[in-house]
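*Asks:* Line by line, the protein sequences give chains L and E.
Using this note's numbering, read the first sequence as starting at 509 and increasing by one per residue.
Using this note's numbering, read the second sequence as starting at 83 and increasing by one per residue.
These are computed hints drawn from the structure, not numbers from a lab.
Nothing false has been slipped in among the hints.
In silico EDC-like pairs for lysine to aspartate or glutamate, Cα to Cα no more than 16 Å straight-line:
no.	chain 1	residue 1	chain 2	residue 2
1	L	K517	E	E124
2	E	K138	E	E158
3	E	K134	L	D609
4	E	K159	E	E97
5	E	K142	E	D166
6	E	K159	E	E145
Computed beta-carbon distance windows for the label pairs:
no.	chain 1	residue 1	chain 2	residue 2	range
7	E	K142	L	S588	37 to 47 Å
8	E	D136	L	P603	17 to 27 Å
9	L	G548	E	S167	14 to 24 Å
10	E	E98	L	M527	42 to 52 Å
11	E	A99	L	K522	43 to 53 Å
12	E	K138	L	M527	40 to 50 Å
13	E	G83	L	T608	15 to 25 Å
14	L	E567	E	T152	20 to 30 Å
15	L	T620	E	D136	39 to 49 Å
16	E	E98	L	T578	42 to 52 Å
17	E	T108	L	T620	31 to 41 Å
18	L	L622	E	A135	41 to 51 Å
19	L	D546	E	S167	18 to 28 Å
20	E	G160	L	T578	44 to 54 Å
Partial pick of chain L residues on the chain E-facing surface, computed with a CB cut under 8 Å:
no.	residue
21	S541
22	L553
23	Q611
We put the CB at the ideal spot given by N, CA and C, even for glycine.
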Amino acid sequence: NAGVTQTPKFQVLKTGQSMTLQCAQDMNHEYMSWYRQDPGMGLRLIHYSVGAGITDQGEVPNGYNVSRSTTEDFPLRLLSAAPSQTSVYFCASTPTLTSTDTQYFGPGTRLTVL
Amino acid sequence: GDSVTQMEGPVTLSEEAFLTINCTYTATGYPSLFWYVQYPGEGLQLLLKATKADDKGSNKGFEATYRKETTSFHLEKGSVQVSDSAVYFCALAGGTSYGKLTFGQGTILTVHP
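Turn these sequences into a full structure, and let the hints steer you where they fit.
*Replies:* Dropping the structure here:
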């Protein structure tokens, strides 16, 4: 198993550009989520999905879109990048929807918006 | 809403020193509590967890006990190693959260030989 994979590892954008961060998992997990990590603030939930075709907003959803067409993939789209979106982005998955489950994280994408 | 507060960092220790990283939480219901660790340049991985009051999670010499009366989940290790240098995150998942994690701000630990 590759676990949770993310691409790219690094990305530099100019303000106003769009891009998609890719996330895939091969563990057949129902639940997937996106977090952003900023210094001194821990990780904050952007969007999550409880299964294919079902997504919902987390704590900081503005400026981001997601979709979940398959169990395996959960891309995060930045429609018009802003400097405030400079961050490290982590995708995570967990096998079920219970609070006791471990979440499995990808290696992260470091995004810089100029 | 749910929240997690970790002790201020960074923490710098000598090898073989005793480690405590404090974590307190606010949540409705009966959350599960986690410690995740992030080694340099990597994603987060589970260190240990506890899913009900008085449970003790343990792994790699680290321990934490779920204390409902003090709403705490402090991380301890009796003798740290240089390889323990990392960022440590306390987190909770509430009873109806569908697995969504609420994180503390993270504590940077540096261990010197």
